[in-house]
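A.B. asks: Reminder that position 6 of the sequence shown reads as 6 in the working numbering, one-by-one numbering, no gaps.
Hints in this document: simulated from the structure, not taken from any laboratory.
In silico BS3-like cross-links for lysine-lysine, where the CA-CA straight-line distance does not exceed 27 Å:
#1 Lys56 / Lys67
#2 Lys32 / Lys67
#3 Lys6 / Lys67
#4 Lys67 / Lys37
#5 Lys36 / Lys67
#6 Lys6 / Lys32
#7 Lys6 / Lys37
#8 Lys6 / Lys56
#9 Lys37 / Lys56
#10 Lys6 / Lys36
#11 Lys36 / Lys56
All of these numbers come straight from a predicted model, not from anything done at the bench.
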Amino acid sequence: MAINVKALSSAMLAAAQLELANHWPDIREYAKAELKKTAETIAMIERLLISGDINKRQARSLLRMQKNASQAVLLTVAGLGLLTAESAINAALGVARTTVNTAVGFTLV
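Working from the sequences, and respecting the hints, build out all of it.
C.D. replies: Here it is in structure tokens:
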């Protein structure tokens, strides 16, 4: 199953917006860019798994690196607290969980 990056990033953005409601005007454009990158990374991970170029451990590492990068951007840009930024990223990944895990055939998210 090929992951639809546009649909995935839209769902992730909606979830993050709920978590970041008080900061949304300041963080919106950065969150959109970071969550699009995260969705693109997830789609890339799916392609690499299907082609056999990476294994499950490597897939998890790639997702963790992207999550950390997105968290760093949100922390830096808006001065959000660590828990707030982590909560937003986790909410975004939460809505992606079923789609992603079904697409890759194991628990990645």
